[in-house]
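Colleague: If you want the building blocks of each chain, they are given just below.
2 protein chains.
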Amino acid sequence: MTPVRPVIMCGGSGTRLWPLSRKSRPKHLLPLLGGRSLLQDTATRLKSGMAGLDILPPLVITGAAQADAVADQLMEAGINPAALLIEPEGRNTAAVAAAAVAWSEMEGDNALLLLLPSDHHIARPDAFAEAVAHGVALADASLIVTFGVVPDRPHTGYGYIRRGKAQGAGFAVERFVEKPDAETASAYLAEGGYSWNAGIFLFDPAVMAAELGTHAPGIADAVRSAVVAARREGNRVDLDPVSFSNAPSAPIDKAVMEKTAKAAVIPVDMGWSDVGSWSSLFEVLGKDEGGNAVSGPSRVIDCRSTQVRSTGPMTAVVGVEGVSVIVTDDAVLVIANECSEDVRKVIDGLNEGEAKDLL
Amino acid sequence: MTPVRPVIMCGGSGTRLWPLSRKSRPKHLLPLLGGRSLLQDTATRLKSGMAGLDILPPLVITGAAQADAVADQLMEAGINPAALLIEPEGRNTAAVAAAAVAWSEMEGDNALLLLLPSDHHIARPDAFAEAVAHGVALADASLIVTFGVVPDRPHTGYGYIRRGKAQGAGFAVERFVEKPDAETASAYLAEGGYSWNAGIFLFDPAVMAAELGTHAPGIADAVRSAVVAARREGNRVDLDPVSFSNAPSAPIDKAVMEKTAKAAVIPVDMGWSDVGSWSSLFEVLGKDEGGNAVSGPSRVIDCRSTQVRSTGPMTAVVGVEGVSVIVTDDAVLVIANECSEDVRKVIDGLNEGEAKDLL
Numbered sequence: 005m006t007p008v009r010p011v012i013m014c015g016g017s018g019t020r021l022w023p024l025s026r027k028s029r030p031k032h033l034l035p036l037l038g039g040r041s042l043l044q045d046t047a048t049r050l051k052s053g054m055a056g057l058d059i060l061p062p063l064v065i066t067g068a069a070q071a072d073a074v075a076d077q078l079m080e081a082g083i084n085p086a087a088l089l090i091e092p093e094g095r096n097t098a099a100v101a102a103a104a105v106a107w108s109e110m111e112g113d114n115a116l117l118l119l120l121p122s123d124h125h126i127a128r129p130d131a132f133a134e135a136v137a138h139g140v141a142l143a144d145a146s147l148i149v150t151f152g153v154v155p156d157r158p159h160t161g162y163g164y165i166r167r168g169k170a171q172g173a174g175f176a177v178e179r180f181v182e183k184p185d186a187e188t189a190s191a192y193l194a195e196g197g198y199s200w201n202a203g204i205f206l207f208d209p210a211v212m213a214a215e216l217g218t219h220a221p222g223i224a225d226a227v228r229s230a231v232v233a234a235r236r237e238g239n240r241v242d243l244d245p246v247s248f249s250n251a252p253s254a255p256i257d258k259a260v261m262e263k264t265a266k267a268a269v270i271p272v273d274m275g276w277s278d279v280g281s282w283s284s285l286f287e288v289l290g291k292d293e294g295g296n297a298v299s300g301p302s303r304v305i306d307c308r309s310t311q312v313r314s315t316g317p318m319t320a321v322v323g324v325e326g327v328s329v330i331v332t333d334d335a336v337l338v339i340a341n342e343c344s345e346d347v348r349k350v351i352d353g354l355n356e357g358e359a360k361d362l363l
Numbered sequence: 005m006t007p008v009r010p011v012i013m014c015g016g017s018g019t020r021l022w023p024l025s026r027k028s029r030p031k032h033l034l035p036l037l038g039g040r041s042l043l044q045d046t047a048t049r050l051k052s053g054m055a056g057l058d059i060l061p062p063l064v065i066t067g068a069a070q071a072d073a074v075a076d077q078l079m080e081a082g083i084n085p086a087a088l089l090i091e092p093e094g095r096n097t098a099a100v101a102a103a104a105v106a107w108s109e110m111e112g113d114n115a116l117l118l119l120l121p122s123d124h125h126i127a128r129p130d131a132f133a134e135a136v137a138h139g140v141a142l143a144d145a146s147l148i149v150t151f152g153v154v155p156d157r158p159h160t161g162y163g164y165i166r167r168g169k170a171q172g173a174g175f176a177v178e179r180f181v182e183k184p185d186a187e188t189a190s191a192y193l194a195e196g197g198y199s200w201n202a203g204i205f206l207f208d209p210a211v212m213a214a215e216l217g218t219h220a221p222g223i224a225d226a227v228r229s230a231v232v233a234a235r236r237e238g239n240r241v242d243l244d245p246v247s248f249s250n251a252p253s254a255p256i257d258k259a260v261m262e263k264t265a266k267a268a269v270i271p272v273d274m275g276w277s278d279v280g281s282w283s284s285l286f287e288v289l290g291k292d293e294g295g296n297a298v299s300g301p302s303r304v305i306d307c308r309s310t311q312v313r314s315t316g317p318m319t320a321v322v323g324v325e326g327v328s329v330i331v332t333d334d335a336v337l338v339i340a341n342e343c344s345e346d347v348r349k350v351i352d353g354l355n356e357g358e359a360k361d362l363l
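Protein sequence lines, in the order shown, are assigned to chains A and B. Numbering-wise (my numbering), the first sequence opens with residue 5 and increments by one. Numbering-wise (my numbering), the second sequence opens with residue 5 and increments by one.
The shape of chain A in the complex, shown without the other chains (with noise of 0.2 Å):
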């Protein structure tokens, strides 16, 4: 089988764990879910073997401020990444896989690239193998691959992706749709041949090169000078300030994806969670008898359904549902599992505030 090479994208600071996660310590890099963080558990989730899979080591790309903390928990997980690539600003998700391609190109790797986020969670690898598997024929066939997720419930978090006619183990993409409504969520459910978009893609970086051409040149081109002048030093490869710089910011989905004839989607029903949010990372715990998960020092009495997790001081609850209790040695957040996207609200208070160092 035609080797993978999964590429880790390590941006984005998850604002919506804070207080946990910070500018500095960004959702990526927290143990989340057990004793490793959600980098470590993405960069040895896929081993070669699973569904007949040859993996190689990763390419990794992240920002300056991090790639020492990215490069630490690595080598603690044992991962030796082929190359860390490092952004001197982020420029999103196209400006990724263009790093991606281009390095590919220089290096001469015949590797077909699995371009993944660092701050999922998958609850079933295997399935996720297997669907990698089962995509690499089809991006062997010259496709651009997405993994698209079985939806259990009308999510208006999530893009969707709705698939087209038969195509190997997937599907033609008929048509990526934003986040929608409650409504048009409830729809899309209902009709089916809709899965949630997990920003997953597998692709032979020379058809992802000819893309990026035709649909983001200025992307590809100024991407490819930064690569072609980065500053290398053992495997870490600082890509050029100056020509990354005039790269246009663009997520993969609208730079490429809407616009190539060449997507396909495998859906596929893996336990995913992008653990964007408390309650998203909630429903990924482990609970006790009274649905309550719990960590750090704390009593936890009388709750259902509660989260407490602190990193610092001693945290009593008692007699409340539905809450999450997030403490750290300088915040506390205690708020609704409903209200959970409602953080941001908290951010931006602190951003016109005085407190920006919570930030």
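To be clear, the hints were calculated from the coordinates, so they are not data collected in a lab. Possibly wrong hints are sitting among the right ones.
The list makes no distinction among identical chains, and a pair is therefore deemed to hold if it is satisfied within one copy or across any two copies.
[As the list claims (entries may be wrong)] Here are the simulated DSS-like pairs of lysine-lysine, each with C-alpha atoms no more than 30 Å apart in a straight line:
1) Lys291 - Lys360
2) Lys349 - Lys291
3) Lys169 - Lys291
4) Lys258 - Lys169
5) Lys360 - Lys169
6) Lys349 - Lys27
7) Lys183 - Lys51
8) Lys169 - Lys349
9) Lys291 - Lys263
10) Lys263 - Lys349
11) Lys263 - Lys183
12) Lys51 - Lys291
13) Lys263 - Lys51
14) Lys349 - Lys51
Based on the hints, put chain B in the right spot on chain A.
Modeller: Okay, now just chain B, sitting in the frame of chain A:
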């Protein structure tokens, strides 16, 4: 009018207001209702001239561990106590009354004594002053006057006083009742003629001395000896520990009031609260338009009937209702307002565990 000397009882630690109140930081020393502590409010509540009262400097009774803090707070509030009686250990309120009576006798003080807790809130001091003025006439007539709080709901956390026949501006006490169950409390409220026992007493010290001698001679004798043998320095009176340790521990209600034929009650509607729990404090705090009471560094978003109090880190609360969130530097409590008595379950757990330093 016969002068009245307040006897302010500063005992107890108020574990029900954990984590703000601690063994070393008892409830009456905390500024729970604004800039001043409950003790400071208590010491300055009654002033000469109110309802024709003649109020003398108070006698203040406290424990050795708190004596300095109590003295400092009184000085800060501009109060110079007649004496600061320091108990070597807590022996409940009968011993406090006995100590006040013995001190009064030794000093040849001719004032009535107004025994009152230091950690209650009274929203309408004028109504209280008027009741005390009415009480003076009854105390002058050798009655021991209690001030009964007119109940506004069937509270099960207080003792009740059933009034008998009219006596001056008040009533003879028919009987004292222990904390009732919910059904009994509702019956009392429906029946009328019951007041809550607020633990406030007005009496001639000679009358109380005689009643203590009759009904609790062991307490009276031991405490009188402790006052006689006390070590005095300025207005500080350290009761003799050996004598004091011989005094049985009992509340004045049980030791005297339930037995004496001289008990009278004056019902008064004075906006009283014992501030005995977080929900009880919440009731008397000022609220914003959402019904929330907020203090300290905080963001409160889309909440109703919620109390947020931080003396420590920034605390953000989003989308919850009917909850108290109490944050200090080393502990966090999140508790449903209807469960606020259950803070004792937290305390019990801490007592058994490794976190005793948080008590």
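Colleague: State for each hint whether it applies.
Modeller: Taking the hints in turn, this is what the structure says about them:
Taking the shortest alpha-carbon separations for Lys291 and Lys360, only the inter-copy value of 27 Å comes in at or below 30 Å, while the best intra-copy value is 34 Å. Taking the shortest alpha-carbon separations for Lys349 and Lys291, both the intra-copy value of 28 Å and the inter-copy value of 22 Å come in at or below 30 Å. In this assembly of identical chains, Lys169 and Lys291 lie within 30 Å of each other by CA distance neither inside one copy nor across copies; the values are 41 Å within and 60 Å between. In this assembly of identical chains, Lys258 and Lys169 lie within 30 Å of each other by CA distance solely inside one copy; the values are 22 Å within and 86 Å between copies.
Taking the closest pair of Cα atoms, Lys360 and Lys169 never come within 30 Å of each other, the shortest separation being 50 Å inside a single copy and 66 Å across copies. When the C-alpha separation of Lys349 and Lys27 is checked against a cutoff of 30 Å, the pair qualifies only within one copy, where the shortest distance is 16 Å, while the shortest distance between copies is 38 Å. Proximity of Lys183 to Lys51 under the C-alpha cut-off of 30 Å is found in neither arrangement, the shortest distances being 32 Å within a copy and 67 Å between copies. Taking the shortest alpha-carbon separations for Lys169 and Lys349, neither the intra-copy value of 42 Å nor the inter-copy value of 61 Å comes in at or below 30 Å.
Taking CA atoms no more than 30 Å apart as the test, Lys291 paired with Lys263 passes in neither setting, with 43 Å inside one copy and 55 Å between copies. For a Cα distance limit of 30 Å, the shortest separation of Lys263 from Lys349 qualifies neither inside one copy, at 34 Å, nor across copies, at 61 Å. Proximity of Lys263 to Lys183 under the C-alpha cut-off of 30 Å is restricted to the intra-copy arrangement: shortest distance 18 Å within a copy versus 75 Å between copies. In this assembly of identical chains, Lys51 and Lys291 lie within 30 Å of each other by CA distance solely inside one copy; the values are 28 Å within and 58 Å between copies.
For the homomeric pair Lys263 and Lys51, neither the shortest alpha-carbon distance inside one copy (32 Å) nor that between copies (82 Å) is at most 30 Å. For the identical chains of this complex, Lys349 and Lys51 are neighbours neither inside a copy (40 Å) nor across copies (48 Å), given an alpha-carbon limit of 30 Å.
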